[in-house]
Every structure is written in C-alpha cells, then in structure tokens.
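*Asks:* If you're matching them up, the sequences are chains A and B in order. Take the first sequence: its position 169, counting from 1, is numbered 169 in the working numbering, and each next residue is one higher. Numbers given in the working numbering equal positions in the second sequence, counted from 1, plus 424.
By construction, these hints were calculated from the structure, which means they are not laboratory data. Some clues are possibly wrong.
As the list claims (entries may be wrong) - Think about it this way: if two alpha-carbon atoms lie no more than 30 Å apart in a straight line, the pair counts; the simulated DSS-like pairs of lysine-lysine are: (1) B:710 - A:178; (2) A:286 - A:363; (3) A:73 - B:497; (4) B:828 - A:73; (5) B:602 - A:363; (6) B:726 - A:73; (7) A:123 - B:793; (8) B:602 - A:369; (9) A:370 - B:602; (10) B:794 - A:123; (11) B:497 - A:370; (12) B:547 - A:73; (13) B:497 - A:178; (14) B:787 - B:726; (15) A:404 - B:497; (16) B:787 - A:178; (17) A:73 - B:794; (18) A:370 - B:547; (19) A:369 - B:497; (20) A:363 - B:828; (21) A:369 - B:828.
2 protein chains.
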Amino acid sequence: MRRFSSRGGALLPTEYTNIKPFLPSLPPPPVGTDGSPVGPEVLSALFPSGMIQHEITMEPRVPISDQVRDAYKVYRPSPLIRAVELERVLDTPAHIYYKYEGTNPAGSHKSNTALPQAYFAAKDGISRITTETGAGQWGSALSQACNRFGLDLDVFMVRASYLQKPLRKTFINMHGGKVYASPSKLTESGGSFLEKDPEHPGSLGIAISEAVEVVLAEKRSCYSLGSVSDAVCLHQSIIGQESILQMEEMGEYPTEIIGCVGGGSNFAGIAFPFIEQVLTGNAEIKFTAVEPTVCPTLTEGKLKYDFGDASGLTPKYMMYTLGAGFVPPPIHAGGLRYHGMAPLVSHLVKLGMIDPIAYTQEKVLEAGKKFTLIEGILPAPESTHAIAAAIDSAIDARRSGEEKIILFNLSGHGYLDLAAYEND
Amino acid sequence: MRRFSSRGGALLPTEYTNIKPFLPSLPPPPVGTDGSPVGPEVLSALFPSGMIQHEITMEPRVPISDQVRDAYKVYRPSPLIRAVELERVLDTPAHIYYKYEGTNPAGSHKSNTALPQAYFAAKDGISRITTETGAGQWGSALSQACNRFGLDLDVFMVRASYLQKPLRKTFINMHGGKVYASPSKLTESGGSFLEKDPEHPGSLGIAISEAVEVVLAEKRSCYSLGSVSDAVCLHQSIIGQESILQMEEMGEYPTEIIGCVGGGSNFAGIAFPFIEQVLTGNAEIKFTAVEPTVCPTLTEGKLKYDFGDASGLTPKYMMYTLGAGFVPPPIHAGGLRYHGMAPLVSHLVKLGMIDPIAYTQEKVLEAGKKFTLIEGILPAPESTHAIAAAIDSAIDARRSGEEKIILFNLSGHGYLDLAAYEND
Numbered sequence: 001m002r003r004f005s006s007r008g009g010a011l012l013p014t015e016y017t018n019i020k021p022f023l024p025s026l027p028p029p030p031v032g033t034d035g036s037p038v039g040p041e042v043l044s045a046l047f048p049s050g051m052i053q054h055e056i057t058m059e060p061r062v063p064i065s066d067q068v069r070d071a072y073k074v075y076r077p078s079p080l081i082r083a084v085e086l087e088r089v090l091d092t093p094a095h096i097y098y099k100y101e102g103t104n105p106a107g108s109h110k111s112n113t114a115l116p117q118a119y120f121a122a123k124d125g126i127s128r129i130t131t132e133t134g135a136g137q138w139g140s141a142l143s144q145a146c147n148r149f150g151l152d153l154d155v156f157m158v159r160a161s162y163l164q165k166p167l168r169k170t171f172i173n174m175h176g177g178k179v180y181a182s183p184s185k186l187t188e189s190g191g192s193f194l195e196k197d198p199e200h201p202g203s204l205g206i207a208i209s210e211a212v213e214v215v216l217a218e219k220r221s222c223y224s225l226g227s228v229s230d231a232v233c234l235h236q237s238i239i240g241q242e243s244i245l246q247m248e249e250m251g252e253y254p255t256e257i258i259g260c261v262g263g264g265s266n267f268a269g270i271a272f273p274f275i276e277q278v279l280t281g282n283a284e285i286k287f288t289a290v291e292p293t294v295c296p297t298l299t300e301g302k303l304k305y306d307f308g309d310a311s312g313l314t315p316k317y318m319m320y321t322l323g324a325g326f327v328p329p330p331i332h333a334g335g336l337r338y339h340g341m342a343p344l345v346s347h348l349v350k351l352g353m354i355d356p357i358a359y360t361q362e363k364v365l366e367a368g369k370k371f372t373l374i375e376g377i378l379p380a381p382e383s384t385h386a387i388a389a390a391i392d393s394a395i396d397a398r399r400s401g402e403e404k405i406i407l408f409n410l411s412g413h414g415y416l417d418l419a420a421y422e423n424d
Numbered sequence: 425m426r427r428f429s430s431r432g433g434a435l436l437p438t439e440y441t442n443i444k445p446f447l448p449s450l451p452p453p454p455v456g457t458d459g460s461p462v463g464p465e466v467l468s469a470l471f472p473s474g475m476i477q478h479e480i481t482m483e484p485r486v487p488i489s490d491q492v493r494d495a496y497k498v499y500r501p502s503p504l505i506r507a508v509e510l511e512r513v514l515d516t517p518a519h520i521y522y523k524y525e526g527t528n529p530a531g532s533h534k535s536n537t538a539l540p541q542a543y544f545a546a547k548d549g550i551s552r553i554t555t556e557t558g559a560g561q562w563g564s565a566l567s568q569a570c571n572r573f574g575l576d577l578d579v580f581m582v583r584a585s586y587l588q589k590p591l592r593k594t595f596i597n598m599h600g601g602k603v604y605a606s607p608s609k610l611t612e613s614g615g616s617f618l619e620k621d622p623e624h625p626g627s628l629g630i631a632i633s634e635a636v637e638v639v640l641a642e643k644r645s646c647y648s649l650g651s652v653s654d655a656v657c658l659h660q661s662i663i664g665q666e667s668i669l670q671m672e673e674m675g676e677y678p679t680e681i682i683g684c685v686g687g688g689s690n691f692a693g694i695a696f697p698f699i700e701q702v703l704t705g706n707a708e709i710k711f712t713a714v715e716p717t718v719c720p721t722l723t724e725g726k727l728k729y730d731f732g733d734a735s736g737l738t739p740k741y742m743m744y745t746l747g748a749g750f751v752p753p754p755i756h757a758g759g760l761r762y763h764g765m766a767p768l769v770s771h772l773v774k775l776g777m778i779d780p781i782a783y784t785q786e787k788v789l790e791a792g793k794k795f796t797l798i799e800g801i802l803p804a805p806e807s808t809h810a811i812a813a814a815i816d817s818a819i820d821a822r823r824s825g826e827e828k829i830i831l832f833n834l835s836g837h838g839y840l841d842l843a844a845y846e847n848d
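The following block holds chain A by itself, in its conformation from the complex (with noise of 0.2 Å):
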C-alpha cells in the first residue's frame, strides 16, 4: 500500500482555481461606510494591481506567475500522507488522508499566498509590506517572500502570540523582519486599545487595524492580509488542486474533507477545487470547518456587512461574523482569533455546501497529542481542530461501517507552539 504520494515536480499547478464563476450566486460586494460597493480606487490606496486583478477576477482559472511559480518549486507539491497508523489505532473502516502544509521553510500553508502578494508588491515597485500577524505562521511566510523579492516588512504581531511564541519573532527577524507586539503605541488604533488596557492582549482584528493605518499614511509601502480575503482564496486553491492529483495517484476520491478555520484561507484551499467539483455535477462530498468555541464565527456569529478591521479602517464585508469589536480570549491557536470569516467561505455556509462545528481548546489539543504519538507529526495548534473532527468522523465510521475517505489539510507544523502542549 502507497502511504506517501509522490512528490514531483509535474505535480504543482501552473494556474490558480477560482470558485466564483461555479457559485450558483456571488457574495454581495464589500461596501463603504455609506452603504455603497467600493471600488478599485479604494483597494489601490492599500494592494498592489496584480492583488486587486485577483480579488476582482471571474475568469475560471487565473495564470501563476513564473516567478512565484520558481518560487513554489523550492517546496511544493506538499505531501498527501495516509495516516494508516491512526487508522489502526481508531480501528475504523473509513481511510484518513492528510495534505500536509508544514513542510515548507515557514511551516504552514501561508507562504502559498505570501509569494504572490510580495510577488505583486515588487513588481509595483512598493519597497514595504506592512502587515499583521497572529501565531506568526503569516508573519513568517511574508518575511521569507518579502527577503526572496526585495521588500522591508513589518508585521504587527497580536501581543497574546507574541508573548506566547516568541522565537516566531527570531524567525520573522533572521529574514530581515521587523515584529512589534499589538496594539502598539506606533498607531493610533493600537494607542486607543492600550488606553483601555496596558496589558491588552490584542486580537487580528486591532492588528489589521494597525497595519492599515500605517499603510494609508505611507506612499511606497502596501498592505498584504494573509486570510479572508477572495485573492487570498485564489492562491490557496493549490493545495485542493494537488490534492486532487495526490488523491487519483492513491486510487481514492475523498467523501469528507476538513479543515480549520479562522480567516478561512486553509479551508478554503482544500476545499474550494473540490467543491467546484461538486458545483459541476463530478462529485458528492461533505464539507467541515472546524473553529475554536471561544471564537464561534461561523456558529454563533451573524451573516452581515462588518469591518474587517477592529477600528473600522477598511471596507465592510458580507460575512459571518462576531462583531468587529469582539476579542476573544488568548488560546494557543492564535490563528484562528479572528471576528469574521472569508466572504466566499461565509456564502458557501450560507447556501448550506459547508458545515461548521466548534472545538473547545482542551479537545483539540488533546487530539494534537494523539496525532504526535500516534502519526509522529508534530501540528499546529490551528491544525490540532482538523486533526480532531477527522477522528471524530472516523469513530463515527467505525460505529456505522461507512466507508469513508477523509482528508483533511493539516495546514502547519507545531514546532514554534510546543509550549501550547506543555502548558495544557
């Protein structure tokens, strides 16, 4: 039996997917403050062109770059792994794969869109990238990008992680990035937070905040987010088209697929080819997005226009989500502390394609333990919700001997998080 696919070079896609043009009906359009859709004047005060062509495009498959292309080459295709030995040990009927993100040099699946989006700033001739980060998986991703393109960048860092995981600043740093915890006084946003409370522990959203406020004051610098939003979406859809591939060289298609969600952009790369599969009548399969109870987007959050900043510096979006204002409270998985959720991941809830469920912090990290001793891989607190739903499902086969193929996107390695498992 074949547990690793191969890993050759034929293997990485030369386009991205877009699901837009599949969607049965589109997410309303972000909006200003007066009600009315934005424009692409708006977006060009913080992207770069080639990120507001992507956020903006419906053509089905949108070209990658040569030199982002180069750039993937150094290590993707990504493994898809069958975690036979869980399987065993679950003693289920069902098959568990897994894409496995963090084998890349900044461990998760981020560094996917952090190539293009530095890729575009340098092409516009921007010197900066100022932007935010949670755990530091985004912070890491851009500063590798940014140090293979030529660009300086700072990166906002939610003051939790930063406290929590400080080596992801040795790590953001040694590529020539500058890291400062947020809020900040740097900001105004961040000074008005601080004001409140000197020990706050900050959350994306005031972090996004932060970074866009830089950006509007600065000429030559340009904001990058590494979630929520359509292009960010876009570039990640090379993990579901590998996938795609991985799975056919396996001899097996996949009838549930799981990811974790915060911004979305990790579910959203998995899931997204697939679910264009499903959209065209090739496919049956049941979709998870699995996110922490304390920060309950898509379960307990509303589907409406909100700010995807804390401070109400950027469009509003349709999607769910918690209230600009809301901080959730300081777990490991600082990834996925987020309020609201990617428009199109929201609108695919909405029409029913896409079922979320909520974890609590204990359960998933203790199904990141099991997954260490039993599969050996070491994951992401983030990562740790897939790893938990998929051994959720696979009981669930065991009990009604469905034959179910499971593949979920582990989407980054936890070794910059170990202390997440001590302190549990």
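Starting from the known structure of chain A, arrange chain B on it as the hints suggest.
*Replies:* Relative to chain A, chain B alone:
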C-alpha cells in the same frame, strides 16, 4: 529540471549496509580496563541481544525487522533535494544536493537508530531505556521510538543544552519520557561533577556516564546510545542507501560527500554505502567530515584507546579522542560536543579515506542563516557545519571551474534551536 527525488515507498531499503566486511582492515576491538578485548557478556549488561548482534555482525547486508520497517515507513524515504537556489546565488558550476533528514517526527536522522534500539529492547522484555542526549535530537527520537514500542524512558540531557533548548524537554515529555539535566544528583558520576562545579555545563561524556551507571544498577532496563557504535552506524546506512537510488533518479552521482561529525553517526549514515562503492572500485568520491573548532576530535585529537564516557564506566574504544575528561564550551551545536568519534569513522580517517575539517560557530551559523534565507529550510546548528563546507566547496568550484557534484547530509531541522540564531 527535477528538484525533488520521488518519495515512493519502493526506495525504502529492506537491509542495512555493513561497511565492515568491505574494509581493507578492521579497527582494533573495544577493550576493558585490563586491556583485553571485551566480549558480548560485557555488552549484555548494557544492551539488548539484537543490538549486540548488530554490533558484531560481519555480514555485508543485515535485514531490517518488519516491525522497524513499518515504523520507518511513517517518515522514510527522506527527500533528496537539489539546492538550485543556492547554486544560483553562489554562481557555481557545482551541483549541490542535500539529503534532508529533518522531515521526520523527531526532526533528525536519530530516529533511524532509535526505532531498532527500542524494538530490540521490547523484544527482550526490557521495560525501560536510559540514555543521554546533547541538543535533544536523540532524546526526542528515542522518546517517540519508546512510545511506539511501549517502553519507559529516562533521558540525561547535557545541562548546557537543557538550558538553551527547553522545548526539547517538553517534546520528550509529550511522548512520555522523563528528562534530567546532566550532571545530576541522581548518580554518583553526576554528583562528582556537580561537586566540582554546581553550574557545570555538562558534556555528552558525563551524560553517558550517568545513563550507564543507572542501567548497570538496574535489571529490567537497558542503555541506548545515539551515536558512535558500529550498530548505530549500521542503522544510519539507510540514509546513504536511499541517496544512491535518489541520485540515480536525478541522473547524477556525487563527487564529494559532506557531513557534520559529533559521534559520527549521521556522517557514517550518508557516507558508508558510498564508501562501499569506492572500496569495491565502482566510484571515486571525496569525503569531508566537519566538526566544531572548539571540539576538534578528528583535527586535533589523538587516535588511541579511550573510554566512551567521562567516568570510565564503558569499555575503551580505539578512536580519535580529546580525552574522556574533555568538556567543550556550550556551543549551540550541542550534538557535536563529544570528546570521541565512532571507531569506524576514526578508522577511515586513519586510512585516509575521510578528510576532517573544523569550522567556528560563527562561520557555521552564518552559513545556516544564508541557507535558511536562500533554500528556505531552517537547519539544526549541527547540520550547519555540513552546509558551510558545501558552500565553501561550491565557491572553490566557481574559482576552479570544476564540475563538482556535492551531496551533503542535512541531518535535522532547527525549529527548536532558533535561539541559536537569535543570540548569534
């Protein structure tokens, strides 16, 4: 151009390669304090019977047990990668390949021998293993192996590394292993060093003394060694065997092979199967072993009989040594802080088949940073010694125009060693 070799299961060896029957002469046998060769009965107080058999066998091919091979399948074959970016930046005619042993659960080559050692212990009805660890790679690998085969584990971790890399303890604890900073008060050996210096940084030699002392006093436990011994070199030979097939798949053959050396096992692993090809007249290859200048066993030590540990509890081995009492300064490459060298590696150095060189910590960490920025893989401080030598050799090739094919062993990742790069 292919960048990755296949990870298909067909590459995984079914037998270890034993270099001993191919050598023109054998290293003198280990001796007791009276100078006469030690027999298997001395070894059986420390090691399971399977390990003793692997230590003394003269068969050229030694079968890998099915149980061990099943465990290898979780992470092997490891990838062989061509460093195309590094070649480009160095502007060298050399082709640079690396075998990356850091993708496995424990993050280094150490799992290759941890698994058979734990398997042989369990097979003999032993319930507990005691060992030493330097930087923690060996302790991590053995904790996973013990977890797999149902054994308890006690690890004496060199204090300098215990303080530098606290998350290694967390990692070993996660797998059910216990960790003690060495020298400790738990043993007479440890106590005697602590008496001289309560802040003693420790050394691999001292930690080995502590582990051996514990095992000699107990019945149902055994000792495991992470490097040095013939059996460990035998187990690591799967690295070189896979490399031969993977280089073939890439359509090339190495003209130079480079590895870092502490006890010598990762170097032996990649080199010995190729040395067999040289000894049988099928190849011509330059072999380079790189050690730290502050622990210059091969470049400044003497070839003589010496104890494997600091307190004289083990047999004496014919090896290059700095003296069993030598305590190197607490460099970040804790895995290379050993006073001796594998007898087989020592013997091949004496025969002139391996060229040893020594590099400073400053130089190797600089090379590690460069590699991280260019190739996007964060190496362990030990492995950066091999990287630095590969870079030097590639730069030489640029000057001479020589079309070298360099292969080096990237023995482990540096995610748990990030502080090394921070403090540099």
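*Asks:* Indicate, hint by hint, whether the structure satisfies it.
*Replies:* Against the structure, the hints come out as follows:
no.: 1; hint: B:710 - A:178; verdict: 42 Å, violated
no.: 2; hint: A:286 - A:363; verdict: 22 Å, holds
no.: 3; hint: A:73 - B:497; verdict: 25 Å, holds
no.: 4; hint: B:828 - A:73; verdict: 23 Å, holds
no.: 5; hint: B:602 - A:363; verdict: 24 Å, holds
no.: 6; hint: B:726 - A:73; verdict: 46 Å, violated
no.: 7; hint: A:123 - B:793; verdict: 26 Å, holds
no.: 8; hint: B:602 - A:369; verdict: 17 Å, holds
no.: 9; hint: A:370 - B:602; verdict: 18 Å, holds
no.: 10; hint: B:794 - A:123; verdict: 25 Å, holds
no.: 11; hint: B:497 - A:370; verdict: 19 Å, holds
no.: 12; hint: B:547 - A:73; verdict: 44 Å, violated
no.: 13; hint: B:497 - A:178; verdict: 40 Å, violated
no.: 14; hint: B:787 - B:726; verdict: 25 Å, holds
no.: 15; hint: A:404 - B:497; verdict: 23 Å, holds
no.: 16; hint: B:787 - A:178; verdict: 24 Å, holds
no.: 17; hint: A:73 - B:794; verdict: 19 Å, holds
no.: 18; hint: A:370 - B:547; verdict: 25 Å, holds
no.: 19; hint: A:369 - B:497; verdict: 20 Å, holds
no.: 20; hint: A:363 - B:828; verdict: 53 Å, violated
no.: 21; hint: A:369 - B:828; verdict: 45 Å, violated
Hints 1, 6, 12, 13, 20, 21 from the earlier list are contradicted by this structure; the remaining hints agree with it.
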